[in-house]
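Trainee: Each chain is listed here by its residues.
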Amino acid sequence: MKNIFMDFISLTKPKLISLVLMTTLAGFYIGSNGSLNLDLMAITLIGTTFVAAGALVLNQHIERESDGLMKRTCNRPLPDGRLKPKDAMIFGLVLSIAGLYINFVHINILTGILSLLSISVYLFVYTPMKKKSAFCVVVGAVPGALPPAGGWIAATGSFEMGALILFAILFFWQIPHSLAIAWLYRSDYERAGIKLLPDISTESNATGHQVLINTMALLPIGLMPSILGISGQIHFFTALGLGAAFAIFAARFAMNRSIPSAKNLLHASYLYIPFLLGIMSYDRITF
Amino acid sequence: MNTPQIKRDAWLSSFAFLTVGATFLLLALGGLVSSKGVGMAVPDWPTTFGYNMFTFPLSEMIGGIFYEHSHRLMGSLVGLLTIGLTLLIWLREERTWLKWLSVIALFAVIFQGILGGLRVVQISTAFAVAHGAFAHAFFALIVSIALFLTDFWRRSEADLPIEVNRSFKTLTIMTSVVIYLQLMLGAVYRHTGELLWLHLFFAFVVTIMAFILTDSVNKKINGIVFIKRISVALVALLVFQLFTGMGAFMMKLFSPERLEAPPLVIAMTLIHVLTGAILFAASTALTLSVLRVTNSSPGTVTA
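Quick note, the sequences are listed as chains A and B, same order.
For the first sequence, numbering that gives the first Met the number 0 gives the first residue as 0, with consecutive numbering after it.
For the second sequence, numbering that gives the first Met the number 0 gives the first residue as 0, with consecutive numbering after it.
The shape of chain A in the complex, shown without the other chains (with noise of 0.2 Å):
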């Protein structure tokens, strides 16, 4: 029974659930603007973890069968065959819905809106589109954005220019984070003919160009807080010292494209999220 309930805790993958919940707060108290309504938050962080719960719950029941031919998953609840697939559909069915049901309900309805696009697009575009466009990596990259700028909107009740630079922020972020991993696991992707990397051909590098390309958009968007005044100094050249450290990886990675190269980029990668976002956290501006 102990075994059944773990199962089901790790078909939502918590790991990926902490870093959009962590995301989420971010954008949440940035947005506040210095008046933290505490209830709303704590609404926010269930709403929006049972909304992602759901939605990777529902992902891996799609993708069962390509998970059971890569190493990386096939030790899954549901390629190992320890949860029936119906149940697991069930169980990601209640959290999506139910998370959905707090978002519209309980925050506001752009909150809503928000996390019902992030299912959407994530179920609905960009899992099918794995298999057939490595396109998707960036279509993936808008549903993995949209939690601080679901935090900021929970906070607000409106759409506004932060909010908007926290999703640029998350998203080209997540491009060469994606494309990152995708490369370290390119032969267990390919075996299950999920195409993550835009390389042509084995002599092509357009996975390093795009690794570096958005890393290079990254590292000024990284400054816009402050540009906007949601930030001051602090963050500014934080944000430049850890934008230029995580280009220097990228570049590395683009003109090396070695095993430890695209493992320093994703560790840098995994350090720059929670650093730049602490640092904007830290550092805003009231108004």
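Worth flagging that the hints you see were computed from the coordinates, not collected in a lab.
Because the structure is a prediction, the values reported are computed rather than measured.
Backbone N, C-alpha and C fix where the C-beta goes; we use that ideal spot for every residue, glycine too.
Worth double-checking, as some hints may not be accurate.
Said to hold, decoys possible - To be clear about the criterion: a stretch of chain B counts as covered by chain A if any three or more of its residues have a C-beta under 8 Å from a C-beta of chain A, and this derived list gives those stretches:
id, segment
1, 10–16
2, 107–114
As the list claims (entries may be wrong) - Straight line, CA to CA, 20 Å or less: simulated DMTMM-like cross-link-like pairs of lysine to aspartate or glutamate:
id, chain 1, residue 1, chain 2, residue 2
3, B, Lys218, A, Asp198
4, A, Lys131, A, Glu64
5, B, Lys218, B, Glu162
6, B, Lys35, B, Glu93
7, B, Lys219, A, Asp198
8, A, Lys130, A, Glu189
9, B, Lys227, A, Asp198
10, B, Lys168, B, Asp214
11, B, Lys227, B, Asp214
Place chain B on chain A using the hints.
Mentor: Then chain B, alone, in the frame of chain A:
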């Protein structure tokens, strides 16, 4: 190929890169002077408040004077380094055209100094624009000289040229030309606030051209890592530049009174200006490297 072997001179090459570094710092100081609006903090030239430039008391280098006078001193250092580079090239280099190119660089640094001086003496925005725009040209020239002294350039002498069509070469050259025009427009907008629409339009043109160029380089010059790397760096820098430009533009658009302090405005515009300089230098290096290794008519040797 019966071309004479060019001797390797690591010391000379290092000196050239030292000059590149110093010139970049000079650009940064010049950018600071413009961003802080202290170009007229020292009203006389070539003297500084009547003093010889090098004997001006350090204790009086305060406020705007600090930036303007530091810029002048750095300019003098770059002038000295350029003289040194020219002398070294005449003493140690075999290539005659490179010797004369170093003389051109020497005249260019003197010309740039005079432009800066006239900007002060004439209190002229036109000279400020010319001084700002020519700074990028001088930087690209010094980078080019450093490139000519690299192992890449020397080794390419022994390689067979890659056959490409003439339109590819034209695209390579035109990309550099258009980037320089864009830098000139940037200088005009920075000093006068005019022609922003044209600067934005050229940003679009430069972006299209740089992406096409990088794609073409990847297809046509696949085997030369150095060139491929510069072409990728060019596009990466361009994307960075587009967003820093957007940032600088947004600063003007969105409630400047909410900005915590001017340093952010200065930092953002300075980053934009310096990236512009690097972008043009990279583009020039790419153009020269492509011309070096390619040939558009069979049997002709590129130099």
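Trainee: Now tell me if each hint is right for this structure.
Mentor: Against the structure, the hints:
no., hint, verdict
1, 10–16, "violated (count 0)"
2, 107–114, "violated (count 0)"
3, B:Lys218 / A:Asp198, "holds (13 Å)"
4, A:Lys131 / A:Glu64, "holds (16 Å)"
5, B:Lys218 / B:Glu162, "holds (12 Å)"
6, B:Lys35 / B:Glu93, "violated (45 Å)"
7, B:Lys219 / A:Asp198, "holds (17 Å)"
8, A:Lys130 / A:Glu189, "holds (10 Å)"
9, B:Lys227 / A:Asp198, "holds (16 Å)"
10, B:Lys168 / B:Asp214, "holds (14 Å)"
11, B:Lys227 / B:Asp214, "holds (10 Å)"
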